[in-house]
Structure formats: structure tokens, C-alpha cells
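Engineer: Spelled out from the first residue to the last, the chains are:
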Amino acid sequence: MDLYEHQARQLFEEYGILVPRAEVTDSAKEARACAERLGGRVVVKAQVKTGGRGKAGGVKLAADPAAAELTARQILGMDIKGHTVGAVMLAQPVEIDSEFYVSYVLDRTQGRFVAIASAEGGMDIEEVAAIRPEAVVRVPIDPFEGVPRQKAAEIAAAAGLPDAAADTLAALWNVLIREDALLVEVNPLVRTARGEILALDGKVTLDDNARFRQARWDARDETQDRERGGLEAAAAAKGLNYVKLDGEVGVIGNGAGLVMSTLDVVAGCGARPADFLDIGGGASAQIMADGLSVILSDPSVTAVFVNVFGGITACDAVADGIVRALDSVRLTKPLVVRLDGNNAARGRAILDERAHPLVEQATTMDGAARRAAELAHAA
Amino acid sequence: MAIFLTKESKVLVQGMTGAEGMKHTRRMLAAGTDVVGGVNPRKAGRSVDFDDRAVPVFGSVLDGMEATGADVTVVFVPPAFSKAAVMEAADAGIGLAVVITEGIPVHDSVAFHAYAERHGTRVIGPNCPGLITPGQANAGIIPADITKPGRIGLVSKSGTLTYQLMYELRDIGFSTCVGIGGDPVVGTTHIDCLAAFEADPDTELIVLIGEIGGDAEERAAAYVQESVSKPVVAYIAGFTAPEGRTMGHAGAIVSGSSGTAQAKKAALEAVGVRVGGTPTETAELVLERLAGPARPRTE
Chain Y
120 MDLYEHQARQ LFEEYGILVP RAEVTDSAKE ARACAERLGG RVVVKAQVKT
170 GGRGKAGGVK LAADPAAAEL TARQILGMDI KGHTVGAVML AQPVEIDSEF
220 YVSYVLDRTQ GRFVAIASAE GGMDIEEVAA IRPEAVVRVP IDPFEGVPRQ
270 KAAEIAAAAG LPDAAADTLA ALWNVLIRED ALLVEVNPLV RTARGEILAL
320 DGKVTLDDNA RFRQARWDAR DETQDRERGG LEAAAAAKGL NYVKLDGEVG
370 VIGNGAGLVM STLDVVAGCG ARPADFLDIG GGASAQIMAD GLSVILSDPS
420 VTAVFVNVFG GITACDAVAD GIVRALDSVR LTKPLVVRLD GNNAARGRAI
470 LDERAHPLVE QATTMDGAAR RAAELAHAA
Chain F
90 MAIFLTKESK VLVQGMTGAE GMKHTRRMLA AGTDVVGGVN PRKAGRSVDF
140 DDRAVPVFGS VLDGMEATGA DVTVVFVPPA FSKAAVMEAA DAGIGLAVVI
190 TEGIPVHDSV AFHAYAERHG TRVIGPNCPG LITPGQANAG IIPADITKPG
240 RIGLVSKSGT LTYQLMYELR DIGFSTCVGI GGDPVVGTTH IDCLAAFEAD
290 PDTELIVLIG EIGGDAEERA AAYVQESVSK PVVAYIAGFT APEGRTMGHA
340 GAIVSGSSGT AQAKKAALEA VGVRVGGTPT ETAELVLERL AGPARPRTE
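In order, the protein sequence lines correspond to chains Y and F. Sequence positions in the first sequence follow this note's numbering and run 120 to 498. Sequence positions in the second sequence follow this note's numbering and run 90 to 388.
If we strip away everything but chain Y, and leave its shape as in the complex, we get (with noise of 0.2 angstroms):
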């Protein structure tokens, strides 16, 4: 789960990192107030997930309290890439000195997390990278030994950062361990024209299998579905694994690998797949409802496909799961059916026996996908 800046800021604030004072709202008026209570002049800044903001126009300089109104006013339900600005951060404006960049990331490869540190903040970390590497520091961390002052003193001074910044990276370490981020980032990390190391911007994302020993999340979660769709938001709320898509043909399977490799199978035949939900091992009959309820309410969808390859699944569960949900779900799309592997004639007599009108049924998968999309172009 990603965070937004200001929860990110938040964060950095209780770990000890220095961030400019700053205060979040949703609401113009307010916006007023805030700017008051910050000191008249603040930058206003859209909170959304994704990069970009500043070209987007997501960020401004206000020079009063009245100006910072009108430009949250122009900030908020502002579309960036996607995504709505719901809210927006005003903080007090920095005198910045020099700006560097700061974080720690997974390195899948090494199996690490490695800091990255480089004295030439404030643009794209990747452009850098890729335009002076030299400029940009690696570290790879030891899990067991982490980022004590002085680890975090000599990644600083590889970087050609100020010695203060090692503070900064020992504080960011703590955070990635005691929070179980994924990822922290600050960018720009500033040097004040008064000689402060402040964290100006920031991002942090929060590795959602550490959920269980993570009392704050819930509250954060709350955020995460206001931005999220309507269907994902009801279909997290049965606890399926949905995520939507653009096209026509809804897509239900077991198995993260078989489910995607459904996807591409199904616009290999020309069609282009409405979502993706797994329905996971040894589905349900509740679970197979639930997702063909949440893919049947998406009026984009014009045929379904489920693809069903029985490992420890038996097909004729899968199937037994098929015919409850057809008696609970008002079928009003076509529906391909692909059952095989363990105890797949059982499934398919099970299905034959139901005979519904509007549910077929294949043998193979290729061949299943290429019916789905006759169908689903058929409508």
C-alpha cells in the first residue's frame, strides 16, 4: 500500500526526520485557515499516488491566506493521471540551499534492501541514474546488521552528502524496519539556506503481508478505497482478489499465474479481458458467487470466462460453486466455463446436468478463450 505525502511526512516527523510544518485538508475554506495558522505564505500540494504533480499543476505557491483558498479551490477534484485529488497539503515554503535524494528499496535480485543516496536531488532518481551513474550511490544493507550512524555516515559521504544527512538515513532505516515499508523515499532531502537537513517530499509504501502485526493500517485503508473504483472497492470488501480492466470479456480463475496467462490468452483472440479475479485454491461456493456477482454489476462485461485447472481445486466443487451462484446470481451474460484437471468430468456433468441456457462449456483453454470473445463480441 502506498502512502500519500502527508502520511509519509507524518511518519518521518514521529521518526525524528525534520519536515517542514505543514497541515492537510479536503476542503478550500479550511485551506484559508491553515495557511493562517502556517504563516500567511505556503505551497499547495495535491495528495495523490502518482508522480508528476508539479507538471500537472497539482502544486502551487500561495501568497496569502486568500490565494491559498482559490488554488486549493483550483487543486482539489483536480484529475492527475487518473487519479481525483481528494485532498490537499499546504506547507510552510523552504529556502532551499542544495537538494539531494535518499531512499531504500528492494533489491529483488540480491534479496536486499539497498540504499540509494545521490547529491543531485529534486529531478527523476532513474534520470540520473541513467544519464551520470556515477552520481547515484548503492548500498546493499545486511538485514541483521541494518543502518546504525555509522553505516549511515559513510553512505552519505560516498554520496557527497552533508554529514547531517546521515541522521536523516538512520531515521529512514527505522522507519522501513519498524513500519515494514517497501520502500522510503525523500526526494528532495534539502539543505536550508540556515544549514537544515529537511525532508521536503516524500514516498513510502508499506508491504501489505506485514498487515497482521500493524495496528495503524486500518485507519489508512479507509483513504486507499475512497481513490479506489467502486467494483474493486466492493469486490475488497469481500475479500476477492479483483483488479479491473478496460475490455469486454470478465475473467475469473484459480491462481495468480493461470488467471493472468487467462488475460493474455483471452486478447490473444482478439478480445480485451474486463478484470482479473482469482478465486484462489480450493474456492468456494460463496467465493465463486461472489465474483460473479461483482463481474455480472459490470456493465462493461459482455461475456464471462472462468478458467478452472483442478490441482488441489476439484473441478466439481468449482462446479457444485458454479450452479450455487446461479442460483443466487441472476445470470445475464454468457458464461464459458473451463474446467480440467482433478475431477473435471465430474465438474462438467455437473454443469451439463444444471444446462443453463446462457452457460457453455470447453475443454480447452484456448479454445474456451476463443469462444468467450465470439460472445463477448456477439452482445
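No lab work stands behind these hints: they were computed from the structure. Any given hint could turn out to be false.
Here are the simulated lysine to aspartate or glutamate pairs, DMTMM-like style, with alpha carbons at most 25 angstroms apart [as the list claims (entries may be wrong)]:
#1 F:Lys172 / Y:Glu264
#2 Y:Lys270 / Y:Asp226
#3 F:Lys172 / Y:Asp226
#4 F:Lys112 / Y:Asp435
#5 Y:Lys357 / F:Glu191
#6 Y:Lys168 / F:Glu332
#7 Y:Lys200 / F:Glu332
#8 F:Lys112 / Y:Asp439
#9 Y:Lys322 / F:Glu109
#10 Y:Lys174 / F:Glu206
#11 Y:Lys357 / F:Glu109
#12 Y:Lys322 / Y:Asp121
#13 Y:Lys179 / Y:Asp261
#14 F:Lys172 / Y:Asp299
#15 Y:Lys270 / F:Glu206
#16 F:Lys172 / Y:Asp439
#17 F:Lys172 / Y:Glu298
#18 F:Lys237 / Y:Asp435
#19 Y:Lys168 / Y:Asp365
#20 F:Lys172 / Y:Asp327
#21 Y:Lys363 / F:Glu206
Here are some chain F residues the structure puts well away from chain Y; computed CB gaps all over 12 angstroms [claimed, not checked]:
#22 Pro130
#23 Phe139
#24 Ile193
#25 Gly209
#26 Gly224
#27 Thr251
#28 Gly262
#29 Ser318
So, partial list: chain F residues that the calculated Cβ filter (under 10 angstroms) puts toward chain Y [stated by the list, open to error]:
#30 Lys112
#31 Arg116
#32 Asp123
#33 Pro232
#34 Gly276
#35 Ile301
#36 Pro331
#37 Gly366
#38 Glu370
We put the CB at the ideal spot given by N, CA and C, even for glycine.
Use these hints to put chain F onto chain Y, whose structure you have.
Structural biologist: Same frame as chain Y, now just chain F:
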């Protein structure tokens, strides 16, 4: 001979007394696996009856190894306890730890991978279906009745795609099938399996299944060019996955231009690996390759 797991392997199950552990221990035994014990400190000294076999429960991996000579452990313990379980197995000096558990926090797996590496323990997983050497042994949750022993080696990030390909090629059979898992950080990699299959006299052809995210497939392609003489056929899932979205597996996410299915396919094809457009087409490529004249791969 197969890789990593044979009928000689003596297997412990950490978390055997839980629901998943019980279900799959029964299946592993039915597949002929020599499951020599379970591990659960709260139930040490008891035993669990599986049909005609009583499997003892040990208080620790070390106790189990000392009593039975176990050299493989399969980990079914819940995510919160997985780090401690793998580190305990590594401390005991076990050769192979197969971590089935899904949903382990990444900081925990980073730690246990580093720890296992220092102790010389090979880890497969986490979040994987394990591995099977058909006709000999099964360590994990791969269904044992899909196929028979044969000459294809398979390595895959995905469980159900592994089953699908095993099924499509069931008449040829497999030496060993390894599900390495779909997490961002896994222990045993595609490359480790390619190296082992290359050295395995029972394996004639290698099937490599990848998916979007990371650069493991690109690295595997480079390795094939340098060090693999046996034919390799590949399949990649996720051509239509949108950028920046998690697709079921924690590791299956495309970031920017890196980790795309297109890039992986191109890297593999550039070194002479044929890549199927669908699982079925991939199986056809395998059959074609096995039927054709045995000739070295041309670069």
C-alpha cells in the same frame, strides 16, 4: 536422479499438526514421500496417524534431524512464525527448506534468506507450491497424480501454471518440477534450477515458466546462453497486465518499462529459447523439440 528431491530424501514438516500441514502431509505420504516427522514444540513426543503410518512429532528441527536423519523440511507455519521456523531449520543445518507459506512480510523473508545462505541451507519459496519428483517424492502441495516420471524438468514462478503444463505434457512425464514462488524475494531462482537440470542426466529438456515483475527471466536468459546446452522452452504470463498493479502474486507487478512480459520474451528468444504464446502452444513446442533431431541449440 532428478534435482533437489529424490526417494532417498527424508522429509520433516514444520507445521504438520495444522490443518494445511495435515492435509498435505497425507498427500505427500500417499505420493511415496518419506515423511519422517513433524515439528511442533507444543506437541513433541506425540505422533500423528496418517492412514497406515504413524509420524512422530519432534520439539525442534534439530531433534527431528538427529532422530531421523532428515535432510528436507517443508514449512507450513503461519506468516507470523515463518521467519523463526526457517531460521531454526538453518541453525539445525538442514540442506533444503521448502517454504509453502503465503503472505510472509518481506523484511522477514529477506532476513531468513540471508540467514539460510550463511548456514548453507537452500530455500525454495516462500509462497510457492514446492517441488515434486514424480514417482519418487513430493515436498509441498503440487498434486502428485497429474503426471508420471519422465524427461522434462520444469521451473516456474506460478503454481497453477505449473499444474497446467504438467497436465498438457502428462504423457511425456517429468524429472522434477520446482515451483519457486511468486514473491518479490525468493530463495532458489530460475538460474539455480537451470544449473541443476543441466547437470541432471534424467532431464532432457527444460520448461521455464515466468511472469511479469523483476528481471529473473532476463537473467535466466543470459545464463542459458552461457551455461545451458539442453533445450529450453519458455512461457511468460502477464502480457496484458496493467502497469503498477499487483496481479495476485506479490512479485507480479510491472514498474515502468522494466519487468514486462515483452522484455522477458525478447530476452529469452534472443538466446534461442522458444517462447509459447499460450500454455498449450508451449506444450506443443516441447513435443516438437523432443520429436526433432537431437542437435545443440544454435545461438
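Engineer: If a hint holds in the structure, say so; if it doesn't, say that too.
Structural biologist: Consistency of the hints with the structure:
Between F:Lys172 and Y:Glu264 the CA atoms are separated by roughly 17 angstroms; this keeps the pair inside 25 angstroms, and the hint holds. Proximity of Y:Lys270 to Y:Asp226 is assessed by CA-CA distance (about 18 angstroms); at most 25 angstroms being required, the pair is judged to hold. Straight-line distance between C-alpha atoms of F:Lys172 and Y:Asp226 comes to about 19 angstroms, which keeps the hinted pair within the 25 angstroms bound. Distance restraint check for F:Lys112 and Y:Asp435: the Cα-Cα separation of roughly 19 angstroms lies within the 25 angstroms cut-off, and the hinted pair is therefore satisfied.
Annotation: proposed proximity of Y:Lys357 to F:Glu191 holds, straight-line Cα distance about 19 angstroms (limit 25 angstroms). Proposed proximity of Y:Lys168 and F:Glu332 is supported: the alpha carbons are some 14 angstroms apart, at most 25 angstroms. Between Y:Lys200 and F:Glu332 the CA atoms are separated by roughly 13 angstroms; this keeps the pair inside 25 angstroms, and the hint holds. Straight-line distance between C-alpha atoms of F:Lys112 and Y:Asp439 comes to about 22 angstroms, which keeps the hinted pair within the 25 angstroms bound.
Distance check on the hinted pair: Y:Lys322 and F:Glu109 sit about 38 angstroms apart at the alpha-carbon level, beyond 25 angstroms; violated. A distance of roughly 46 angstroms separates the Cα atoms of Y:Lys174 and F:Glu206; the hinted pair therefore is violated under the 25 angstroms criterion. Distance restraint check for Y:Lys357 and F:Glu109: the Cα-Cα separation of roughly 23 angstroms lies within the 25 angstroms cut-off, and the hinted pair is therefore satisfied. Proximity of Y:Lys322 to Y:Asp121 is assessed by CA-CA distance (about 8 angstroms); at most 25 angstroms being required, the pair is judged to hold.
Straight-line distance between C-alpha atoms of Y:Lys179 and Y:Asp261 comes to about 41 angstroms, which puts the hinted pair past the 25 angstroms bound. Proposed proximity of F:Lys172 and Y:Asp299 is supported: the alpha carbons are some 14 angstroms apart, at most 25 angstroms. With a C-alpha separation of about 23 angstroms, the suggested pairing of Y:Lys270 with F:Glu206 holds against the 25 angstroms cut-off. Under the criterion of a C-alpha separation no larger than 25 angstroms, the hint pairing F:Lys172 with Y:Asp439 is inconsistent with the structure, at around 38 angstroms.
With a C-alpha separation of about 17 angstroms, the suggested pair F:Lys172 and Y:Glu298 falls inside the 25 angstroms cut-off, and the hint holds. For the hint linking F:Lys237 to Y:Asp435, the alpha-carbon distance of about 23 angstroms falls within 25 angstroms, and the restraint holds. Distance hint between Y:Lys168 and Y:Asp365 is fulfilled; the C-alpha atoms sit about 21 angstroms from each other, no more than 25 angstroms. Under the criterion of a C-alpha separation no larger than 25 angstroms, the hint pairing F:Lys172 with Y:Asp327 is consistent with the structure, at around 17 angstroms.
Of the supplied pair hints, the one linking Y:Lys363 and F:Glu206 is violated, its CA atoms being roughly 40 angstroms apart against a limit of 25 angstroms. Here F:Pro130 stays apart from chain Y, with its beta-carbon at least about 21 angstroms from theirs, past the 12 angstroms limit. Distance check for F:Phe139 against chain Y: the nearest CB is about 18 angstroms away, which clears 12 angstroms, and the non-interface claim stands. At roughly 6 angstroms, the least C-beta separation between F:Ile193 and chain Y is not larger than 12 angstroms, which violates its mark as non-interface.
For F:Gly209, the non-interface assignment is confirmed: its Cβ lies about 16 angstroms from the closest Cβ of chain Y, beyond the 12 angstroms cut-off. Annotated as non-interface, F:Gly224 keeps its C-beta farther than 12 angstroms from every C-beta of chain Y; the closest such distance is 18 angstroms. Listed as a non-interface residue, F:Thr251 fails to keep its Cβ farther than 12 angstroms from every Cβ of chain Y; the least gap is roughly 8 angstroms. For F:Gly262, the requirement that its beta carbon stay farther than 12 angstroms from each beta carbon of chain Y is met, with the minimum near 17 angstroms.
Taking the minimum C-beta to C-beta distance to chain Y, about 25 angstroms, the non-interface status of F:Ser318 holds against the 12 angstroms cut. At its closest, the beta carbon of F:Lys112 sits 9 angstroms from a beta carbon of chain Y; the interface hint therefore holds under the 10 angstroms criterion. Satisfaction of the interface hint for F:Arg116 is found here, the shortest Cβ-Cβ separation to chain Y being roughly 9 angstroms, below the 10 angstroms cut-off. Here the hint on F:Asp123 is broken, as its CB sits about 22 angstroms from the closest CB of chain Y, past 10 angstroms.
This hint holds: F:Pro232 has a C-beta 5 angstroms from the nearest C-beta of chain Y, less than the 10 angstroms allowed. Below 10 angstroms, beta-carbon pairs count as interface contacts, and F:Gly276 has one with chain Y at about 8 angstroms; its hint therefore holds. Taking 10 angstroms as the C-beta contact cut-off toward chain Y, the hint placing F:Ile301 at the interface holds, the least distance being around 7 angstroms. The restraint placing F:Pro331 at the interface with chain Y holds, with a minimum CB-CB distance near 7 angstroms, inside the 10 angstroms limit.
For F:Gly366, the shortest C-beta to C-beta distance to chain Y is roughly 6 angstroms, which falls under 10 angstroms, so the interface hint holds. Checking F:Glu370 against chain Y: minimum C-beta separation of about 8 angstroms stays under 10 angstroms; hint holds.
In the structure shown, a violation is registered for the earlier hints numbered 9, 10, 13, 16, 21, 24, 27 and 32, in ascending order.
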